[in-house]
Amino acid sequence: MTVGESGDMVYEALGSYIDDLCGSIFVGTARGKAIMYLRKKYPLTPEDGLPFMNIFYTNGALEITSIWNRRGERGAFLITGAPEGVEVRDGGVVYITFRFGKAVVLVTVHGGPGLAKTLEDVTEECTGAGKRLISSRLVRPWDWGVSI
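Using the working numbering, count along the sequence shown one by one with no gaps and you end on 139.
No wet-lab data here; the hints were simulated from the structure.
Where hints are given, some of them may not hold.
[Stated by the list, open to error] Per label pair, the in silico range of CB-to-CB distance: (1) T88 / T20: 18 to 28 Å; (2) R30 / G105: 34 to 44 Å; (3) K108 / R22: 13 to 23 Å; (4) D112 / R65: 28 to 38 Å; (5) G40 / F91: 19 to 29 Å; (6) I26 / R61: 16 to 26 Å; (7) K108 / R30: 29 to 39 Å.
Every residue, glycine too, gets a C-beta built ideally from N, C-alpha and C.
Please model the entire structure based on the sequences and the hints provided.
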């Protein structure tokens, strides 16, 4: 798990997004949010005015990137890995679950049935290579009171 300065995270997520544009398979873009659960709820992206999530398949992993700048908050989110599950509910709202040790990250995207089917298919191909989590909203692990 990567934790650093907010600006550094934005540039790292942006760099990964550009790399993905050049060398990965584009899966789709949809508005969404990410929340980490570890004893309590930690929003990793804004929950109101949902940012765009850009989804790629790269090197055996699903990679989701989001960069935002609104209401005075500049931030970024990046998650890479093999999802534990993909569930479609509510007419195309897709729930993607990742596990990082004791933490669970739930990424929700509003992309419709077509994106949902594509994500289910892509997830079957994921091997879990290159697991990482970056968020400018992520508190330091030692603030959680548990080790992950």
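For each hint, the structure was consulted:
| no. | hint | result |
| --- | --- | --- |
| 1 | T88 / T20: 18 to 28 Å | holds (20 Å) |
| 2 | R30 / G105: 34 to 44 Å | holds (36 Å) |
| 3 | K108 / R22: 13 to 23 Å | holds (18 Å) |
| 4 | D112 / R65: 28 to 38 Å | holds (34 Å) |
| 5 | G40 / F91: 19 to 29 Å | holds (26 Å) |
| 6 | I26 / R61: 16 to 26 Å | holds (18 Å) |
| 7 | K108 / R30: 29 to 39 Å | holds (34 Å) |
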